[in-house]
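Chains as they are written, first to last, in our numbering: chain A, -11 to 272; chain B, 5 to 291.
What the hints contain is simulated information worked out from the structure, not anything from laboratory work.
Be careful, since some hints might not be right.
Here are the simulated EDC-like pairs of lysine to aspartate or glutamate, each with C-alpha atoms no more than 16 Å apart in a straight line [claimed, not checked]:
(1) A:100 with A:46
(2) A:245 with A:57
(3) A:209 with B:59
(4) A:133 with A:180
(5) A:60 with A:242
(6) A:67 with A:43
(7) A:83 with B:141
(8) A:271 with A:253
(9) A:80 with B:59
This structure is a prediction, so every number in the text was calculated from the model and none was measured.
Here is what each chain is made of, one letter per residue.
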Amino acid sequence: MRKHLTVGMMMLALFTFCAANAFAGGKSALDEIKAAGVMVVSTDANYAPQSYLNEKGELEGFDISVAKEVGKRLGVKVKFVTPDWDLITAGKWGKRWDISIGSMTPTKERKKVLLFTMPYYSSPAQFAIHKANTTIKKINDLAGKTIGVATETTYERYLNHNLQIEDVKIVYQDWKPGKLVTYPTDANAIEDLSLGDGARLDAILSSRQTIAEAIRSGCGKGCPIKMLGDPPYYEPLCFALDKTRPNSESLLAELNKIIRSMYDDGTLVKLSMKFFHTNMIPKL
Amino acid sequence: MNDPSELPVNEIPPEAQAVLNSIEDTQTRFKRNLAFSLAGLVVFLFFVLYIIGLDFRFMARWLGFIMGGMGYTLLVSVLAITLACILAVLGALGRLSRNPVINSLATAYVSLIRGTPLLVQVYMWYLALPQVGQALERMGIAGAQRWFTLPALVAGILALGVCYGAYMTEIVRAGMQSIGVGQREAAKSLGMNSSQMLRRIIFPQALRVIIPPVSNEFIAMVKDSSLVSLMGVWELSYRAIKIGRRYFQSLEMLVLVALIYWVMCIILQSVQERVEAHMARGDRRTH
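Model the full structure from these sequences, guided by the hints.
Written as structure tokens, this is what we have:
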């Protein structure tokens, strides 16, 4: 008899809990964040100078500073989580985090599972080769060469002629790489290129700011690589929200308003100068 | 003559003494040479690390930060092995059960989990479960999604514990089956019921057989705990990989974190040897 009573009590508790949850279900994402007082931001700490671990092992970078500023303007605290990049782009976050502030390009595929804000800056793609190389003088010389890229990036898609970004016209190269080597992240490709000219790679395609950071401070004493040619394309970069989370429209509108205010008062330009040492913020 | 006190106790014939001495000599020589060659290997290893031009100052600078991840690594490993032990005992009882439903459950668990890669299972716990919750919620169970959306740490511990539980089920089952039929018969004839028999006769004896392979699994798990870094838990390997990528010096950080894991496993191995010696003190004589 006592057993039945215990089971009954547990069921009752469960139902009460479920009912309480059902009431919370109708709230908008913006209200939920404001009620919690905390906005959980996902960032992939693999990308200096956007998001990386500083001298003290704390998160730092352009994206981190932008996220903190957004939190301030929204009136909530910011908490960072650092899942793998693939887990962020996969969508269906299940409220583990509220937003991705991680220099994400709004590609057509990602738009199927994510919602994007207006761009907060734009990033030039950039080819780079080993410093010792003398035969590759222009981008066209890369035909048939071995090129390294990070997996699931716009760079990989660009070289595979499979990149679609809304409102951006992409002009593909009229040559094909001999072999495409993919890495978990851009830093691995840069390290492999630094091993020696043609040792594993002849060239890489990454973002201009990542390559500039590697040349400035990477590989112990500056990676032995150099930039090649002009950027083949520029990509707009946005915050992303989970498309499967209900009632996200007001949050998206609020974020767009905040981004616009950060353009207007020069905050974005200031942060760009601090972390990229150049202005990456387009004119509105 | 039958009185044992009349036997010469301390007098070993000189021939026998010579043989004993030579055995002892061989043993000490072997021990000494073993120590020498191990030391030689370690020196060689560091020589190799030196000539490939590793940046040791960079490694030393980040050692403290990376060691900060030790807590998570140990937490995940200890909780996961605890879960695995519980699942292994339940699984083994299930595998030996005469009840077809329980037996098939246990067999399916072992087969499914052992037959799929741990990496895939980690993603399943993290990515697939929230969608199960969502589906349940759509079927009308409010709050299901929140329950099924596990935080990274919990998902990692469950993934590791459930996976290793399946492997250890077989270890425990084999350990229990290694106890002779005579022991069961003796227990039954003393009037013990089956739970008493398990607790008093089978488990204590099986434990001795089970301990070495289980410690083996624990050592393997300490290293597999690095898989939770995928979900953003800042344990040892997460920290090493991120710092390596930040400064484009991944090799240094990988070597460093490999050495840390190695030292941890050496310590665990010595603990295992002690526990094993303690458990086996009944039937292993060290004269």
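Outcome of the hint check:
1. A:100 with A:46: 33 Å, violated
2. A:245 with A:57: 13 Å, holds
3. A:209 with B:59: Holds, at roughly 10 Å.
4. A:133 with A:180: Holds, at roughly 15 Å.
5. A:60 with A:242: Satisfied, since the Cα-Cα distance of roughly 13 Å is no more than 16 Å.
6. A:67 with A:43: Not OK: residue 67 of chain A and residue 43 of chain A at ~20 Å, beyond 16 Å, violated.
7. A:83 with B:141: 14 Å, holds
8. A:271 with A:253: Holds, at roughly 13 Å.
9. A:80 with B:59: Judged against 16 Å, a Cα distance of about 41 Å means the pair is violated.
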